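J.: For reference, the chains in residue letters:
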Amino acid sequence: MRVIIGGAYNGKREYVKKSLLHVNQKYIHFFEGELPLSNFSKKDYVILSNFEKMIMKKLEVDEDKIANELAETIKRLDTQTNVICICNDLGRGIVPMDKEQRKLRDTCGRLYQKLFEESSLVVRIWYGIPQILKGDVDNDQF
Amino acid sequence: MTIIFITGGVRSGKSAYAEKYAIELYKKYQRSSLYYLASGVAFDEEMLKRIERHKEDRSKSNVQWKTIEVQDDFPVEMLDFNQCDVVVWDCITTWVTNVLYKTEQYNIQERQTKIVDYLNRFKSFITQWNDKHSIIIIVSNEVLDEPKSNFEEVDLFRKILGELHQWLVSVCDEAYEMDYSITKRWK
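Taken in sequence, the protein lines are chains A and B.
Just so we're aligned, residue 2 is where the first sequence starts under the numbering used here, counting upward by one.
Just so we're aligned, residue 159 is where the second sequence starts under the numbering used here, counting upward by one.
Incorrect hints may have been included.
[Stated by the list, open to error] Subject to a maximum C-alpha distance of 25 Å in a straight line, what follows is the list of computed BS3-like cross-link-like pairs (lysine-lysine):
1) A:K59 / B:K306
2) A:K54 / B:K317
3) B:K317 / B:K281
4) A:K19 / B:K317
5) A:K115 / B:K306
6) A:K18 / B:K178
7) A:K100 / A:K54
8) A:K66 / B:K306
9) A:K104 / A:K59
10) B:K345 / A:K19
11) A:K58 / A:K43
12) A:K54 / B:K306
13) A:K58 / B:K306
14) A:K18 / B:K345
15) A:K135 / B:K345
16) B:K185 / B:K218
17) B:K345 / B:K178
18) A:K18 / B:K306
19) B:K345 / A:K100
20) A:K104 / A:K66
21) A:K27 / A:K44
[Unchecked claim] To give a feel for the contact side, a few chain A residues facing chain B, derived at Cβ under 8 Å:
22) R93
23) G94
24) P97
25) G129
[Said to hold, decoys possible] Now the stretches of chain B that chain A is said to cover, found in silico as 3 or more residues with beta-carbon under 8 Å:
26) 267-276
27) 283-297
What the hints contain is simulated information worked out from the structure, not anything from laboratory work.
Remember, it's a predicted structure, so these values are computed and weren't measured experimentally.
Backbone N, C-alpha and C fix where the C-beta goes; we use that ideal spot for every residue, glycine too.
This is chain B alone, in the form it adopts within the complex:
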């Protein structure tokens, strides 16, 4: 029904905005479930705290969030989203990083195929949920406004993310860029 895309720099308030917007839509359209797809991996103390803080924020809210972890592969629950659901995915940047990490073990050609496969499945999930009238809010990061990296891996990441953002912007109904709580609506 509706795809909403939100990007911004670090600590720009995008998660908070996405969650608030999700709750608003959940109440307004009287949806039955509010899903949170989390892609963060607790690889160190700071990351663990960050994830805990996000969890705490959600538990304090007066609505019940259902959290599903999507680090790289897609859990089967994701197929069940239907017209009664509001889904927040926070964030796609992390998911892409995880996919790159996960496919690192393969040779270039195999890896390319695997990555394309992940991206195609991602796109088909978004399209399917949209066809089933879910409300989907996708959060991502702005990481493309800096000099080209000397590391091939970083450039591959930027290319994949940039093209994925372009796709999301082309299919979404609303697109926002956050700059320290100032929100620019692009679409």
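So that you can see chain A by itself, here it is in the shape it has in the complex:
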């Protein structure tokens, strides 16, 4: 599994697309705000983004439980294919006034920790510039 993290409008998706230029388009699948239901092979690349939306759908459930469930499903998916997670960094602004927004932010944090742990490569994107937080791009070809 690989994680690309950064603030909104920082160029995360562009980075992923550039990294996958050598892969045939038909093997690249984007999922926004939902997890795929179909099966994939090791030839495929499944790019997941908008975890906020996935979490919002289950917001009445306990924070740890949501994070665990999502992380387990993504881990399982990663055993059959190549998962790349695009994570919006939400954790560095002001604590939101709204209870739901707070929970969303906290749950995202929990989930991201789990995804980081599972990933062989974690890259932070700052306005288009990549910084490797974990792993090695050279040894971890996309």
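With the hints as your guide, set chain B onto chain A.
T.: Only chain B this time, still in chain A's reference frame:
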């Protein structure tokens, strides 16, 4: 000649860093003028104090700053910057906010055109000064590391600012992120 981009959170010390760096370069390369482009608008007491504090800091320094106010539109003096100048623009976040505010009166399509026009002119200024060998230091804020806002206007602001930052980072020679006086150099 050189474009330097500095971002950071509030009170991270980015203005102080930018000013110090500007003076350093001004002396090192024996430039003739040191310009400060200010985008802050004194819309309340606190903002007025903030601006006053920045002005006072600059007046205390042993070099002469020339201040130009750039709230939204570009004053003609900006065309005169040349190879002998060092320019600090503090800050782009405020300038973008002002541009959004200024164009609020138009309908969506007209507004879009106006905003794009402002951004293109901004970019062409930066490119022109750079071609004329000025040293340019651009200061901005980190505001994109929080949940998406429920307000369309805020998201529009974040999109414009994020894309502008990406552009600046791609054209600049040096890029720094400040985190409470710890400076990370990205480029």
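J.: With reference to the structure, classify each hint as holding or not holding.
T.: Structure-based check of all given hints:
1. A:K59 / B:K306: Holds. K59 of chain A to K306 of chain B sits at ~18 Å (cutoff 25 Å).
2. A:K54 / B:K317: Holds - the C-alpha atoms of K317 of chain B and K54 of chain A are around 19 Å apart, at most 25 Å.
3. B:K317 / B:K281: holds, 16 Å
4. A:K19 / B:K317: holds, 21 Å
5. A:K115 / B:K306: Roughly 22 Å between the alpha carbons, so the hint for K115 of chain A and K306 of chain B holds.
6. A:K18 / B:K178: violated, 39 Å
7. A:K100 / A:K54: Distance of about 16 Å is within 25 Å: holds.
8. A:K66 / B:K306: With Cα atoms ~23 Å apart, K66 of chain A and K306 of chain B stay inside 25 Å; holds.
9. A:K104 / A:K59: Within the cut-off at roughly 11 Å; holds.
10. B:K345 / A:K19: holds, 19 Å
11. A:K58 / A:K43: Outside the cut-off at roughly 29 Å; violated.
12. A:K54 / B:K306: It holds: about 11 Å lies between the C-alpha atoms, which stays within 25 Å.
13. A:K58 / B:K306: Holds, at roughly 16 Å.
14. A:K18 / B:K345: holds, 22 Å
15. A:K135 / B:K345: OK: K135 of chain A and K345 of chain B at ~20 Å, within 25 Å.
16. B:K185 / B:K218: Roughly 17 Å separates the two Cα atoms, so the pair holds.
17. B:K345 / B:K178: holds, 19 Å
18. A:K18 / B:K306: holds, 23 Å
19. B:K345 / A:K100: violated, 38 Å
20. A:K104 / A:K66: holds, 12 Å
21. A:K27 / A:K44: holds, 10 Å
22. R93: holds, 4 Å
23. G94: holds, 2 Å
24. P97: Cβ of P97 of chain A sits 7 Å from chain B, so the hint holds.
25. G129: Check passed: Cβ of G129 of chain A comes within 5 Å of chain B, closer than 8 Å.
26. 267-276: The restraint on the stretch 267-276 of chain B is violated, since only 0 of its residues have a Cβ under 8 Å from chain A and three are required.
27. 283-297: violated (count 0)
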